[in-house]
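Here's the letter readout for the chains.
Protein chains: 2
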Amino acid sequence: MRGSPAIDRVIASLKRLPGIGDKSASRLAFFLLGAPDSLVADLADALSRLKQETVMCADCFNLGDRTPCPICSDDRRDDSLLCVVEEPADLSAIEKSGSFKGRYHVLGGTLSPIDGMGPGELRIGELERRVRSGGIREVILATNPNAEGDATAHYIGDRLRPAGVLVSRIAYGMPLGGDLEYADHVTVGRSLENRRKFSD
Amino acid sequence: MRGSPAIDRVIASLKRLPGIGDKSASRLAFFLLGAPDSLVADLADALSRLKQETVMCADCFNLGDRTPCPICSDDRRDDSLLCVVEEPADLSAIEKSGSFKGRYHVLGGTLSPIDGMGPGELRIGELERRVRSGGIREVILATNPNAEGDATAHYIGDRLRPAGVLVSRIAYGMPLGGDLEYADHVTVGRSLENRRKFSD
Chain C
1 MRGSPAIDRV
11 IASLKRLPGI
21 GDKSASRLAF
31 FLLGAPDSLV
41 ADLADALSRL
51 KQETVMCADC
61 FNLGDRTPCP
71 ICSDDRRDDS
81 LLCVVEEPAD
91 LSAIEKSGSF
101 KGRYHVLGGT
111 LSPIDGMGPG
121 ELRIGELERR
131 VRSGGIREVI
141 LATNPNAEGD
151 ATAHYIGDRL
161 RPAGVLVSRI
171 AYGMPLGGDL
181 EYADHVTVGR
191 SLENRRKFSD
Chain F
1 MRGSPAIDRV
11 IASLKRLPGI
21 GDKSASRLAF
31 FLLGAPDSLV
41 ADLADALSRL
51 KQETVMCADC
61 FNLGDRTPCP
71 ICSDDRRDDS
81 LLCVVEEPAD
91 LSAIEKSGSF
101 KGRYHVLGGT
111 LSPIDGMGPG
121 ELRIGELERR
131 VRSGGIREVI
141 LATNPNAEGD
151 ATAHYIGDRL
161 RPAGVLVSRI
171 AYGMPLGGDL
181 EYADHVTVGR
191 SLENRRKFSD
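In order, the protein sequence lines correspond to chains C and F. Under my numbering, read the first sequence as residues 1 to 200, first letter to last. Under my numbering, read the second sequence as residues 1 to 200, first letter to last.
Any given hint could be a false lead.
Identical chains share a label here; the pair holds if one copy fits it or two copies do between them.
Calculated pairs, EDC-like style, for lysine to aspartate or glutamate (alpha carbon to alpha carbon, straight line, at most 16 Å) [said to hold, decoys possible]:
id: 1; residue 1: Lys23; residue 2: Asp90
id: 2; residue 1: Lys23; residue 2: Asp179
id: 3; residue 1: Lys96; residue 2: Asp22
id: 4; residue 1: Lys23; residue 2: Asp184
id: 5; residue 1: Lys15; residue 2: Asp158
id: 6; residue 1: Lys15; residue 2: Asp45
id: 7; residue 1: Lys23; residue 2: Glu181
id: 8; residue 1: Lys96; residue 2: Asp8
id: 9; residue 1: Lys23; residue 2: Glu128
id: 10; residue 1: Lys101; residue 2: Glu148
id: 11; residue 1: Lys51; residue 2: Asp8
id: 12; residue 1: Lys197; residue 2: Glu138
id: 13; residue 1: Lys23; residue 2: Glu95
Calculated from the structure, these hints are not laboratory results. Note that the structure is a prediction, hence the values are computed from the model and not measured.
Only chain C is shown next, with the shape it has when bound in the complex (with noise of 0.2 Å):
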């Protein structure tokens, strides 16, 4: 009886994405009834070409517009590195970075019982023939630093085991900037534990 129902649902549709809560969502929502309509269609129109343009790349598993992805079809970068990371966020965060110029593989989320994801949820199968088929020095496992991504990367350095291929896992320690004040325990305990000789 208060808004129109296309305000409302439009405040509903926003409050089913993460981190929007009510009041972001009416916000938003009557920031876009004051906006152009070109800014409104615009994004009307990416949201409904999202999924029908995505593809994902039979090679990493990352989505992209093709398969294989320019990173799996760019010959300057280095087969023999293979990142494991476990969803095409995660890899973008990484490319953002600059610093690895090697390959990726998109595992689809972390090992998780309680929510059903088992090895067979994840695309650790696919892992295990890439590294199998050769070629490959190093497998660095780049799930994230959480109950979840730790249980997948041990998971995964047991079964490559036998393939006799390097397994590394990304450092833990005190993020760039960060204050040691502020940091959690588990932080800054893993972040002297992994300390490194100074200066060298």
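Starting from the known structure of chain C, arrange chain F on it as the hints suggest.
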């Protein structure tokens, strides 16, 4: 070269929304990629319809699905009380407080010469006509408690003086520099109850 054009377009469109930066936009886009098709389709559809299914009430200038809006056509509301707000979102915030049962008048903004918003850009002439047409005992100025809202309230108070109507201002139960749209219901309600006679 890294993502797909479809993903980049969604990220670019989301970044044009208030409060959504680089990381939130990218996080939302990847969430949408992994979300059920229906969720994404619902959102795109709701956005497409938002503007075409929203009309402005010819009496109070609120946005809704019909004109006159449900508030203007509700017989149980008090015709003698008129609450002046900046935007539909402010009206919505006052309605949620449940402490006002009169009518509304949506100005469409505040006076802001620097942004080219003069009295002619707001619905102040329409407000004068409503007041002069009679039956209104009190005009409550519920513009936001900030510099622009105060200036607009003062200007309207001056414009309405010849009409001989009681003009009040919502109380500073609102935190200074705050925004009606984001205040909690109780504060908005208190602020209405404690309104004072304006310009004395």
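So, going through the hints one by one against the coordinates:
{"no.": "1", "hint": "Lys23 with Asp90", "in the structure": "between (29 Å within a copy, 12 Å between copies)"}
{"no.": "2", "hint": "Lys23 with Asp179", "in the structure": "between (26 Å within a copy, 12 Å between copies)"}
{"no.": "3", "hint": "Lys96 with Asp22", "in the structure": "between (32 Å within a copy, 12 Å between copies)"}
{"no.": "4", "hint": "Lys23 with Asp184", "in the structure": "between (28 Å within a copy, 10 Å between copies)"}
{"no.": "5", "hint": "Lys15 with Asp158", "in the structure": "neither (41 Å within a copy, 42 Å between copies)"}
{"no.": "6", "hint": "Lys15 with Asp45", "in the structure": "between (19 Å within a copy, 15 Å between copies)"}
{"no.": "7", "hint": "Lys23 with Glu181", "in the structure": "between (25 Å within a copy, 8 Å between copies)"}
{"no.": "8", "hint": "Lys96 with Asp8", "in the structure": "between (37 Å within a copy, 14 Å between copies)"}
{"no.": "9", "hint": "Lys23 with Glu128", "in the structure": "neither (46 Å within a copy, 32 Å between copies)"}
{"no.": "10", "hint": "Lys101 with Glu148", "in the structure": "neither (26 Å within a copy, 53 Å between copies)"}
{"no.": "11", "hint": "Lys51 with Asp8", "in the structure": "between (25 Å within a copy, 12 Å between copies)"}
{"no.": "12", "hint": "Lys197 with Glu138", "in the structure": "within (10 Å within a copy, 76 Å between copies)"}
{"no.": "13", "hint": "Lys23 with Glu95", "in the structure": "between (34 Å within a copy, 14 Å between copies)"}
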